[in-house]
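**Student:** Each chain, written out:
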Amino acid sequence: MVKILIKLVLSVIVLWFSCGYGQPTDLYVFNSDTQRQTFTELTQQLRCLVCQNESLADSTAPLAQDLRGEIYQQIQQGKTSDQVKAYLLTRYGQFILFKPKMTPATAILWCAPFIFLLAAISIVVLMLRRQRYLSS
Amino acid sequence: MWRYTIPLSIFIIMAIFLGFGLRHNPQQLPCVMLNKPAPEFAADNLLHPGQTVHNNLFIGHVSLLNVWATWCITCQMEHPILMDIAHQVKIYGLNYKDDPRSARTWLQQHGNPYAVVIADPQGLLGIDWGVYGTPETFIIDPQGVIRYKYVGAISPEVWREELAPLVKKWSKS
Chain W
203 MVKILIKLVL
213 SVIVLWFSCG
223 YGQPTDLYVF
233 NSDTQRQTFT
243 ELTQQLRCLV
253 CQNESLADST
263 APLAQDLRGE
273 IYQQIQQGKT
283 SDQVKAYLLT
293 RYGQFILFKP
303 KMTPATAILW
313 CAPFIFLLAA
323 ISIVVLMLRR
333 QRYLSS
Chain P
117 MWRYTIPLSI
127 FIIMAIFLGF
137 GLRHNPQQLP
147 CVMLNKPAPE
157 FAADNLLHPG
167 QTVHNNLFIG
177 HVSLLNVWAT
187 WCITCQMEHP
197 ILMDIAHQVK
207 IYGLNYKDDP
217 RSARTWLQQH
227 GNPYAVVIAD
237 PQGLLGIDWG
247 VYGTPETFII
257 DPQGVIRYKY
267 VGAISPEVWR
277 EELAPLVKKW
287 SKS
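Just so you know, the sequences run in chain order W and P. According to this note's numbering, the first sequence is numbered sequentially starting from 203. According to this note's numbering, the second sequence is numbered sequentially starting from 117.
Treat each hint with caution, since some may be false.
If you want the footprint, here are the derived chain P segments under chain W, 3+ residues with CB under 8 Å [claimed, not checked]: (1) 192 to 198; (2) 236 to 245.
Here are the simulated lysine-lysine pairs, DSBU-like style, with alpha carbons at most 35 Å apart [what the hints assert, rightly or not]: (3) P:K288 with W:K281; (4) W:K303 with P:K285; (5) P:K152 with P:K213; (6) W:K287 with W:K303; (7) P:K152 with P:K288; (8) W:K303 with P:K206; (9) P:K206 with P:K152; (10) P:K284 with P:K152; (11) W:K301 with W:K281; (12) P:K213 with P:K288; (13) P:K213 with P:K284; (14) W:K209 with P:K152; (15) P:K152 with P:K285; (16) P:K284 with W:K301; (17) P:K213 with P:K285; (18) P:K213 with W:K301; (19) P:K206 with P:K284; (20) W:K281 with W:K303; (21) P:K288 with P:K206; (22) P:K206 with W:K281; (23) P:K285 with P:K206; (24) P:K152 with W:K303; (25) W:K287 with W:K301; (26) W:K287 with P:K213.
Just so you know, the hints here were simulated from the structure itself, not pulled from any lab data. Backbone N, C-alpha and C fix where the C-beta goes; we use that ideal spot for every residue, glycine too.
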């Protein structure tokens, strides 16, 4: 029993450290903490279009570096989070957001997983009920 | 009999969706700049250093804007096709995140299909156009409005079936 516990703890430790903590090496200087926070939030909410499952914050692709630079410039100029997002959305579309806005077009994207889950649960419930009926 | 139809129909529905998914290229994003005027810019002329290029470049005729670079192998594959179609439509080049001198040398060595080449060594113009990879080609109508964007290398088939009809359509407007 103790052996199993030790193995479990060791695997958790190994898995914990196996996720990369690498940070891209740009150093941006901000005038205020709110600006730095806006920058961090934005770059984590936006998708890198080259490495499409990475955020702009994590990706080392040249386009991600360019866009981080552009976002930094705009924050320095005093633009708000929404203004920066609008700028990027007009050029790259909804796909650059990890969480696209809810519109008729994206409604299916948002709702489909819940619909499928509901369908799956109902099927399981129906089948269980039938089994109980048959075996009683 | 009944107990097989439900899993079977679920499987068929999933297979249809997954089938669509397989044919979907994640690199082909819908172009948000469609039917909007080309972004305003003032940039260096790659082949005539010192001259500035503005977006009145596009007015009066339909044109292609081809985003390319010397480090982009796919662009080099596309190059012979561009040389071919250059006499059918005006092609402008956007030299994206490239060294201008290498670009000039490359064009001298391999031939120049572009009426004008815009230099964008920092990629800032690219961001304005929503460029996220190379090669990309925009079709711009005689009023300077972006009408189409093609992501990837243009093959003879793509030109014949996808781009040439659109160029023809917009040259009449």
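**Student:** Hint by hint, work out which the structure violates, then give me just those numbers in ascending order.
**Tutor:** 1, 3, 8, 14, 16 and 22
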